[in-house]
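**Q** In case you want the letters, here they are:
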Amino acid sequence: MVSNFVDLDVRPALRAGEEPFGLIMAAVASLQEGEGLRLIASFKPVPLLHVLGSKGFSHEMTELDGGDWEVRFTREGAADAVEVADAGAPAESTWPEPSRSLDNRDLDPPEPMVRILAAIEEMQDGEVLSALLCREPVFLFPELAKRGHKWQGALSQDGGTYRILIRVGAGREAA
Amino acid sequence: MVGASLSKWTMSYFAAALLALIAAEGLMVAGFGFPNAPIRGPETLVLVHLVAIGWLSMLMLGALFQFVPVLVARPLHSNRLPLPSLVLILSGLAALLLGFLQMGGYLALPHSCFPAASALLGAGVSLALWNLGRTLWAARPLPISARFVTVGLASIAVTALLGILFALTLGGVVSHPALLAIASQGVPVHAIVGLGGWLTFTAMGVSYRLLAMFMLAPELDGASTRAAFHFGAVALALVIFGGVGLILLGGHLAFALAAAGTLGLVCVAIYWTDMVHLYRARKRRVIELNSRMAGFALISLGLAATLALAANILGVLPRLAGAVAFLTAFGWLSGLGLAMLYKIVAFITWLECYGPVLGKMPTPRVQDLVVERRALPWFMIYFVAVWSGTVALLIEQATVFRVSAGAMTIATVGLCIQFMHTRRLDHVLTLTSLPESGRPRLLMSAT
Chain A
1 MVSNFVDLDV RPALRAGEEP FGLIMAAVAS LQEGEGLRLI ASFKPVPLLH
51 VLGSKGFSHE MTELDGGDWE VRFTREGAAD AVEVADAGAP AESTWPEPSR
101 SLDNRDLDPP EPMVRILAAI EEMQDGEVLS ALLCREPVFL FPELAKRGHK
151 WQGALSQDGG TYRILIRVGA GREAA
Chain B
1 MVGASLSKWT MSYFAAALLA LIAAEGLMVA GFGFPNAPIR GPETLVLVHL
51 VAIGWLSMLM LGALFQFVPV LVARPLHSNR LPLPSLVLIL SGLAALLLGF
101 LQMGGYLALP HSCFPAASAL LGAGVSLALW NLGRTLWAAR PLPISARFVT
151 VGLASIAVTA LLGILFALTL GGVVSHPALL AIASQGVPVH AIVGLGGWLT
201 FTAMGVSYRL LAMFMLAPEL DGASTRAAFH FGAVALALVI FGGVGLILLG
251 GHLAFALAAA GTLGLVCVAI YWTDMVHLYR ARKRRVIELN SRMAGFALIS
301 LGLAATLALA ANILGVLPRL AGAVAFLTAF GWLSGLGLAM LYKIVAFITW
351 LECYGPVLGK MPTPRVQDLV VERRALPWFM IYFVAVWSGT VALLIEQATV
401 FRVSAGAMTI ATVGLCIQFM HTRRLDHVLT LTSLPESGRP RLLMSAT
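Chains as they are written, first to last, in this note's numbering: chain A, 1 to 175; chain B, 1 to 447.
Possibly wrong hints are sitting among the right ones.
Mimicking DSS-like on lysine-lysine, the simulated pairs with C-alpha atoms at most 30 Å apart in a straight line are [to be verified]:
| hint | chain 1 | residue 1 | chain 2 | residue 2 |
| --- | --- | --- | --- | --- |
| 1 | B | Lys360 | A | Lys146 |
| 2 | B | Lys8 | A | Lys55 |
| 3 | A | Lys44 | B | Lys360 |
| 4 | A | Lys44 | A | Lys55 |
| 5 | B | Lys360 | B | Lys8 |
| 6 | A | Lys44 | B | Lys8 |
Hints in this document: simulated from the structure, not taken from any laboratory.
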């Protein structure tokens with residue numbers, strides 16, 4: 001569980017016309033166990049989300065006043081132990097890497113379901129969303145099926161985290 | 001498909017249950033039944049069955065049709081069968097109450113109503129058990145909360161079988177000596193298995209899961225929860241098999257009841273510490289009204305268990321059994337039921353109205369469907385009235401009891417009005433406009 005966040009404001013660097021990528025990667029490399037990174041930027045750092053996502057970070061974005069963005073990156077430590085088993089869909093080995101990740105473990109129900117449905121509405125067909133939850137989202141499954149998405153998910157061995165992968169529109173393609 | 005959908009008829013069960021509760025409270029205000037009439041007299045039997053079947057069992061069945069699928073992450077076996085179950089059980093209850101009124105000389109009808117009550121209640125309960133049983137069977141191996149529910153369902157089967165036997169005896173259909181022996185001495189078994197097995201054990205199982213869910217607490221399935229399950233299950237087995245066995249062999253039923261009572265108290269004590277642990281280990285610091293009010297129900301359960309233990313040690317349990325049963329039925333079971341209804345009605349309505357458009361347009365939160373500060377006073381009046389009613393029974397003050405019942409009735413009506421506002425989206429309409437699908441139907445969910 002992430003207990004504290006290291007703050008990194010890259011707006012001054014951006015204003016000075018510098019490339020903040022090096023700063024961010026250095027900050028990420030120096031994170032201790034249990035720490036997350038709170039990044040403040042003047043635009044939505046979409047490419048960075050992919051880079052850090054592939055390094056095992058999930059993120060939550062908030063738009064601040066004046067068009068700035070706050071992004072909280074947390075390591076998906078607990079998810080490493082998650083064995084993704086076939087659940088709602090036949091196993092498809094060819095699913096692409098998740099293009100978005102959400103950590104919904106600390107949200108009050110039914111907020112995890114609301115955020116997942118909101119996120120996949122913004123995604124393209126074929127893209128994959130990865131989300132962490134604190135229990136099996138039983139009311140989400142029928143809604144995903146109705147909207148033509150496919151999913152697979154499993155509970156971690158300690159039972160504390162449920163990881164779900166949702167492939168947007170995969171059910172519609174198959175139909 | 002895995003997952004859980006909306007249960008179509010759960011709202012009808014809840015509406016029927018709440019009407020039965022208000023009717024029962026009205027009878028208590030009028031002084032009908034215990035404590036103004038004997039505890040085993042026909043008037044008290046009308047009251048007890050209106051509460052146990054009309055209110056608590058309908059509430060529990062309605063909740064189970066929605067939440068057994070959540071416990072086992074599988075859809076309900078049939079979303080159509082709950083309607084015939086509802087009609088059969090309600091008409092069976094009506095026949096049963098008429099039978100008791102005949103027995104008390106309030107009604108003169110050419111035929112006894114008991115055989116009809118037996119057939120209708122037996123059919124309705126069987127249909128519900130078949131539906132829930134098939135759902136559970138398909139989901140084996142069961143998580144611990146669903147195993148509590150399974151034992152609860154076995155208990156309703158035993159309670160109903162004994163009840164049918166009593167009704168057929170009273171209706172003059174049964175004459176076999178062994179069955180007559182069970183019918184004449186088995187009433188404590190019927191009452192304990194119904195209140196302790198079916199209602200309490202099922203409520204325990206569902207609360208392990210729902211309270212963890214609502215308060216963001218870790219799911220309990222450790223050694224203590226399994227111990228609570230085993231102590232409770234063995235206690236029920238002792239009441240059923242030991243109790244009926246002793247009746248048939250001509251022994252003392254009291255032995256089986258004392259042994260089972262001891263194990264049952266251990267089960268309640270473990271469950272209680274588990275619940276305290278859930279409240280302490282929760283991640284959500286500010287909890288919603290339903291979880292706070294469930295705390296008062298848990299306190300009532302603790303008080304009822306302590307009262308039963310103390311009365312037994314002092315040798316006055318038979319005289320105080322009415323007060324213990326009242327506190328269990330209204331403080332613990334009804335209190336928990338009303339607290340959970342407050343959340344469940346909002347959640348089901350929210351999912352029905354906004355589930356299909358989530359993520360596609362701005363939607364209200366579940367909490368926007370309720371206004372907690374309006375419901376809080378009714379809950380407080382309700383619990384204070386139940387506790388003062390219990391004290392009135394203990395000190396045998398029938399008038400104080402009727403005044404307490406009056407306060408309970410007013411509080412229940414107040415809460416029902418809040419449930420209606422939630423269901424009709426009245427609170428949320430002050431924030432946003434109606435969903436495209438319009439207002440939901442009061443008694444039926446679109447699935």
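**Q** Would you mind marking each hint as holding or not holding in the structure?
**A** Now for the hints, and whether the structure bears them out:
Between B:Lys360 and A:Lys146 the alpha-carbon distance is near 14 Å, which keeps this suggested pair within the 30 Å criterion. Only pairs whose Cα atoms come within 30 Å are accepted, and B:Lys8 paired with A:Lys55 is rejected, the gap being roughly 45 Å. Straight-line distance between C-alpha atoms of A:Lys44 and B:Lys360 comes to about 21 Å, which keeps the hinted pair within the 30 Å bound. Annotation: proposed proximity of A:Lys44 to A:Lys55 holds, straight-line Cα distance about 19 Å (limit 30 Å).
Of the pairs offered as hints, the one joining B:Lys360 and B:Lys8 holds, with about 24 Å between alpha carbons and a cut-off of 30 Å not exceeded. Our distance criterion of 30 Å between C-alpha atoms is broken by A:Lys44 and B:Lys8, whose separation comes to about 43 Å.
Consistency with the previously given hints fails for numbers 2 and 6, ordered from lowest to highest.
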